[in-house]
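Protein chains in written order, with our numbering: chain A, 109 to 218; chain B, 109 to 218.
Derived by calculation from the structure, the hints in this document are not laboratory data.
Treat the hints loosely; a few may be bogus.
[Claimed, not checked] Which residues of chain A face chain B? A partial, calculated answer using Cβ under 7 Å:
1) Ile124
2) Asp133
3) Val168
4) Leu192
5) Arg194
6) Asp195
7) Ile205
Ideal Cβ placement from N, Cα and C applies to all residues, glycine included.
Listed here are the chains, written in short residue letters.
There are 2 protein chains.
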Amino acid sequence: MPGLASTPDPPYTAVIFTSVRADNDAAGYSTMAERMETLASDQPGYLGIESAREEIGITVSYWQTPAAARAWKAVAEHQLAQKLGRDQWYRTYRVRIATVERDYGFPNPT
Amino acid sequence: MPGLASTPDPPYTAVIFTSVRADNDAAGYSTMAERMETLASDQPGYLGIESAREEIGITVSYWQTPAAARAWKAVAEHQLAQKLGRDQWYRTYRVRIATVERDYGFPNPT
C-alpha cells in the first residue's frame, strides 16, 4: 500500500498508533497487520491509513468521526488482534486519538 | 532515537508529516533529517518526536500548543530545510495538524 492517504478537508479523526515490536513471530505478525489494514478499510467512516516501521512502528488511520474510530477498536476480529498484540507482538505501544484541524501538502493540489 | 515519545496528558498538538522521498541524495537527506530532529527538540513547547520510513515516511512531532507547532514551522533553518525538501528530496508530502484528545498505552503506566 504505497503512497499517502488521500483524506478530505478537515476536520476528521486521526488515530496515531506507535509501537515497539518484540523480537518474535515476524511472519504471523505481518500476516495479521495486513489483514487488519484490509479489515479497517472495510469499516464505516474509514478514510485511509499510513504505515511505516523501522526502530519503531507508526500507523496512522484516518476516520470521519471519533465514533467511527471507536467502532473500529471494538470490531471483534480487531479485538483479538489487540489481545495478541499485548500477549505476544508488542513490547510497548501507545494510541493517540486526535482531531485533524488543518492540513496542507506538496505538490499543492490543483 | 529509539523508543516512543513520552508525552503528557492530553490535550496537546500533533503534527503528522507523511512523505514519499525522491530517489536521490540519501546522505544529504539523512544528515538534514537528524539535524531537524535535534533542532526541533530545542524549540519551546516541544514534547517529543517519532519517526519511521519504509515505502513512505511518517514523522509525528508533539507540541504543547498549536502556536508552538506553528513557531517551529517558521524557524529559519527549518524553512530552508522545507525548501530543500520541496526542491529536491520529496516527491510528495502532507502535513496534518491535530489536537490529541485522548491516549492510552501498553503496558499500562503504573
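Checked hints:
1. Ile124: Nearest chain B Cβ about 6 Å off; hint holds.
2. Asp133: violated (17 Å)
3. Val168: At 6 Å from the nearest chain B Cβ, Val168 of chain A passes the 7 Å test, so the hint holds.
4. Leu192: violated (12 Å)
5. Arg194: holds (5 Å)
6. Asp195: At 10 Å from the nearest chain B Cβ, Asp195 of chain A fails the 7 Å test, so the hint is violated.
7. Ile205: holds (4 Å)
The earlier numbered hints that this structure contradicts are 2, 4 and 6.
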